[in-house]
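Protein chains in written order, with this note's numbering: chain A, 1 to 505; chain B, 1001 to 1303; chain C, 2001 to 2319; chain D, 3001 to 3319.
Hints are supplied without guarantee of correctness; some may be wrong.
As the list claims (entries may be wrong) - Some chain B residues judged to face chain C by a derived CB distance under 7 Å, without partners named: (1) 1028; (2) 1042; (3) 1192; (4) 1204; (5) 1205; (6) 1225.
In short, the hints are calculated from the structure, not lab data. All C-beta atoms, glycine included, are put in the ideal place defined by N, C-alpha and C.
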Amino acid sequence: MPDSLLSLEGLTKRYAVTVLDDVDFDLQGGEIHALLGSNGAGKSTLCRIIAGLTPPTSGSMRLDGQVYSPSGKQEAEHSGVQIVQQELCLIPTLSVAENMMLSRMPQRLGIIKQGELRQQARIALDRVELGEIDPDLPAGKLGVGRQQLVEIATALDRQCRILILDEPTSSLSGGEAENLFRWLDRLRDEGIGIIYISHRLDEVAQLADRVTILRDGRHVCTQYTEGLSTDEMVGLMTGESPAQHSAESFRSYRTDRVALRAENFSHDQVVRNVSFHVHEGERFGIAGLVGAGRSELLRLVFGADSADSGSLRLGDSGSPLRFNHPHEAVDAGLAMVTEDRKSNGLLLPLSIRFNASIASLASRFSRGGLVRRRAENETVSDVAHQLDLRCRDLEQATVTLSGGNQQKVAIAKWLVRKADIFFFDEPTRGIDVASRRRIYRLIESLAAEGKAIVIVSSDLDELLETCDRIAVMSAGRMVATFSRGDWSVDRIMQAAFSEHMGKTA
Amino acid sequence: SSNKQDASVTAASDTDKPTVALIMKSLANDFFSTMEAGAKAHHQAHADEYDLLTNGIKDESDLGRQVALVDEMVAAGVDAIVIAPADSRALVPALRKAIQAGVVVVNIDNRLDAEILQQEEVSIPFVGPDNQVGAKKVGDFLAGKLSQGDKVAVLEGKPTAFNGVQRKLGFESAMQDAGIEIVSSQSADWETNKANTIAASMLSEHPEIKAILAANDSMALGAVAAVKSAGRSGDVVIVGFDNIPAVQELIRERRVLATADQHGDQLAVYGIETALEILGNRDAAPADVETPVDLITVESFAE
Amino acid sequence: MKRTDAVRAAVQYAGLVGVLMILILIFGFASENFLKAATFVSIANQIPDLTLIAVGMTLVLVIGGIDLSVGSTLALSAAVLGVLMADRGWSLWASIPCCVLTGAACGLFNGAVSVLARIPSFIVTLGMLEIARGATKVVTQSQTKYIGSSVEIVSEPIAGILLSPAFLIALAAVLGGQFLLSRTVFGRYCIAIGTNEEAVRMSGIRSAPYSITVFVLCGALCGLAGLTYTSKLSTADPNAAIGIELSAIAACVIGGTSLMGGRGNVISSFLGVLIIAVLQTGLAQIGMTDPMKQIITGGVIVVAVLLDAARMRWSDRKR
Amino acid sequence: MKRTDAVRAAVQYAGLVGVLMILILIFGFASENFLKAATFVSIANQIPDLTLIAVGMTLVLVIGGIDLSVGSTLALSAAVLGVLMADRGWSLWASIPCCVLTGAACGLFNGAVSVLARIPSFIVTLGMLEIARGATKVVTQSQTKYIGSSVEIVSEPIAGILLSPAFLIALAAVLGGQFLLSRTVFGRYCIAIGTNEEAVRMSGIRSAPYSITVFVLCGALCGLAGLTYTSKLSTADPNAAIGIELSAIAACVIGGTSLMGGRGNVISSFLGVLIIAVLQTGLAQIGMTDPMKQIITGGVIVVAVLLDAARMRWSDRKR
Ligand SMILES: Nc1ncnc2c1ncn2[C@@H]1O[C@H](COP(=O)(O)OP(=O)(O)OP(=O)(O)O)[C@@H](O)[C@H]1O
Ligand SMILES: Nc1ncnc2c1ncn2[C@@H]1O[C@H](COP(=O)(O)OP(=O)(O)OP(=O)(O)O)[C@@H](O)[C@H]1O
Ligand SMILES: [Mg+2]
Ligand SMILES: [Mg+2]
């Protein structure tokens, strides 16, 4: 075996509990090394240690055979380690260009060279085919998917020897992801070591040379990807024998009663005259490229943004109405798991219990204005159990949860609430395979109860697996709707690109 | 009262009528609001003789604002400024500039520092009472009710305020003459609530004190409340300075022994009259006018 | 469960209680008369106003707002009380509701304008600070209104328990405020709003009514504070409580309330009030000169928060 | 590119400039002497202190801090200047550096303690507010220090341009501050720190030195303001600038600076200062009664921000 580029020995990290326990790991130059594990296994923590963002409790690291113990991120970057983190960390008030160049602004005597700044950002963006992003735009104005792409573009732009990508594709659709993979292949050929975390195992199978699997903070094994099936990966991650999920067959619970009918929703150029309907018991998927306007559509229907036009009907005979504030939607029985849990899904510094019960306090846990603590605790711990939430206790602050577990808390909030119509915007973003199954089953059982469900996802496989129908949005229009049975990946992708084809042609 | 409102807004509109600007300290203070009311009453009676602009500052230590007011009044084209300076030194240069711009300046209430006036080479007539004499009168009256060797405490005004220092000196000399010891002397910044806190502490630290001398009536009010909540009403005597209406009632109720009246309502009037006189006869050498300070006790209300 | 709750509470308040004890000990050594009942009666007499305001301020800070107008609102309520009682000859019981309603009205203005027009409460309440003070002077014609004994009963010790109604009102406000914040749906919403208003909105909760109510509550508490303040001095003072907003915010922040919203504890704010009151009384009692009083007060405020921060970090590490 | 930049800037400032114009027009109608050069000279003479402080405050607010000690820092710097010039007979040129350094030292204390011990700057600077004020009284022995003409030159109009050095210094601070914030690495880091300090740390940038520098800068600007204040009065005043922190923050917030950090514009803050100054001067000139002055001032502050917010929402919608 050739000398490792990076090797870790006996790495341990303790917070209140031990999250990494005596982990060994090595990375070669010119390989893509995937890190796998269920939510909370410690993958992000391991990467954060390598990137100098947090110090290990014990253990040693070697880079090129030299002892390596970065005191901070800057020192890690100096040694050639770059990271794209799981949680978005752009600064919304600064422009895209400033964000990309933050720690290496082109300057003379502290004065920013504006032209050069813009130009360098432009080049970095163009390189990963993000020509449509204006580098002068405040980063906060970009959607989640775009923000993730900007972060990736930033990391790719920088000279490095080790590149760490922590769930880079969680908000990306097929096209952008493919583009990213091409880039990673090229970097691998240049001899750069890449650590890649993803819960999309087919991606891993396609891309990675080796995988290392963590379970509950312990190193389980490191293997060559070749000859390792995704089912085997799941088995190693969970410690159970490979599941037989692929054998599971789809079952529809769709009824004839329409639960919600949205008509002619428009907003600026982002959503253009979109209509759709969803039946009780139906799972309705919406696919599309990043920025296609799917999230915005859900927000408009939910009353989170005010639409230029559009109306909706609840049930078969309801009169047309429009929600002006999410509380009207929620009162009418709608629920929405938002895409950006950090900015509008969760109250990060507060406890799991607080987050899970907030939407249902008045309707379920209040007596005379007082909170019924007992009932609250019981219900929340039931739902937490149902979702297999990994946490110390329900009082733990949600910030300290792993990304996937945070997502589960965001879902838990609406399960506790018991709505009739569920909007899921990227419901499994950052969730591990096993939990993802659990969430699919959960969505299925919601459907079985006759709930109407709308799922927006950038992971097409997810939609193919769970939905009765899939609609496709492209550049703000809903261009096609397919029913189970008459769809194919090709036709869906074609539809997703259709509006862009029209423009360039 | 709508008349009153109108009077306050009359700006300099007639060119043959002089405009007098009255610049006071804090109008939130009873003393100055009385002063303003007196000035406005006088103006109403003599509305054909002059126009009046009255201005005050946020609190008694807002020097910067008072200096700015002098500038602004000069800019507004007034003919005379009657000022109760918030500080006896800091206002002199600004007033000198006003005089150089041809404005007549009269100093009321708080005397400008003679040394600085000399340095700046201006002379400004002073119209007002002698605070030290007034405080001495109050102190002497109090001393008559106490016996030699008794202990008392003093609530001072803001240490930077000239009249506060004068009053403190007046109290001190009265106590010294009578052989009474001041066991504690602290500033309560002219404020009722602060005086309440400090007087309460004085009473628990020095249970033996027989009297509290407050450098203004607002602080006397705080001291009265402190004495009451310490359960020592009737046992600790309080005196103040300024004769505000609230304290007049307390004197009637015999919860305050005495205060001093420097006739705030007339003070500005004297100043305005002096200013008008000078405007009428620019060549006359302006002379200082000492206004009376009277001791107020329960006997003052007897008739 | 109960047991650990109590332990957790004890640890939570340990830092502030420690600071308070240290101060009392120091003053006890420095002045032979400090550790006597009279001192504590005098402190108990001083704090109701600041306590009431600190309770309201804590709530406002929790939702991510700020109320700079508390002092002026207090003064305006007191002025209304003073005019009604001294000039119109109303009874205390008839005047109290007017006094509290005046405060609540100021709070309603603050809340409605800042929440509905979505402008920072800092600026609305700064405006209110000027407006209510001006109105106070109009109402009282800038004269201190002497009311006399009819209002004093509120701050006179109740026979037998040595505590005044004012103190009991303040204590009730502290306990009620803490209960509101930690045990009611309303309190939960307040904390949530202060943490992330957008997330609250997306959870289907209208935040505006809650935010406005908090400002109204704060205003009403200022009205009550106007009552206790007036009864303490037997006079309605148009210059009452100038600058009290900074003391109140200081008490809250000493007690660990965040200015960014989402975090606050009314009992800790009360401990903050006690620290400030003990410091003021103690320094006056040892007869410190004015400049030294200020320097020491400033120093102690910083040190108290430093110690509390250090303790929190230490106990976080231990867990 | 340049063109749209200019347009964007014009739109950005349009709301505040509009408010300013309306005020000037109203006062112009109400008082025949308002629209005269003397008035504007008098305004130009008053604003340097508040302007300098508002520049520093904007920077501090941008990084998500607050500085309540500005008034006391100004007074302490002025006191040092006064003692050196009046008592020690130092020259103006020798004293100015000491004055500015005093301010910077206060800022260093604020910055170092709040950043390194990670406690809210609100509380540290509140402590400093008391400490520096106490120190001022110690330094001056609670006496105003009359300096005389030697210091007046700073605020006397320069022949020919009618503007005083003090005004030019303040103007330079505004332009420099805006340049710093919008065009330099330092400024962009400040905005980043105020928006999301954690994200800045994640980018491998140590925020502490930048934050501390901002407090030092603010302190130094207070020192300069101490100079302009003193020169205006020819006197070092131990009670100088009490309460100026609220006016300065008001100017910043009127100018659209966020108290939550991450957003601020020095030129807008300057417009805020102008609005406040014009309002004060105008109200004094028309001889409004004191309570009415306060009520109107409060009202205008709220209305100015309301108008600006409405304009911003409107122009956001248009885009
Ligand atoms: N600052 C912290 N304080 C306490 N616990 C923490 C902290 N950061 C992470 N943890 C805990 O460490 C564990 C591992 O977290 P980590 O983010 O590394 O998981 P992960 O493998 O990346 O999971 P995911 O796939 O969900 O992103 C989790 O249980 C998490 O709650
Ligand atoms: N508040 C906003 N202001 C301006 N543009 C916005 C805003 N919100 C979204 N957009 C833009 O609108 C477009 C549609 O965004 P939306 O989030 O609905 O897309 P999406 O299909 O959900 O994709 P993704 O969430 O993966 O980015 C994007 O280009 C986004 O940058
Ligand atoms: Mg992770
Ligand atoms: Mg989306």
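Hints, one by one, checked against the model:
Hint status for residue 1028(B): holds, given a least beta-carbon distance of 5 Å to chain C, under 7 Å. At its closest, the beta carbon of residue 1042(B) sits 18 Å from a beta carbon of chain C; the interface hint therefore is violated under the 7 Å criterion. For residue 1192(B), the interface hint holds, since its Cβ comes within 7 Å of a Cβ in chain C; the closest pair sits about 5 Å apart. For residue 1204(B), the suggested interface contact is upheld, since its CB lies about 4 Å from the closest CB of chain C, less than 7 Å.
The beta carbon of residue 1205(B) comes within 4 Å of a beta carbon in chain C, closer than 7 Å, and the hint placing it at the interface holds. A least Cβ separation of about 5 Å between residue 1225(B) and chain C falls short of the 7 Å threshold, and the interface hint therefore holds.
In summary, the one numbered hint that this structure violates is 2.
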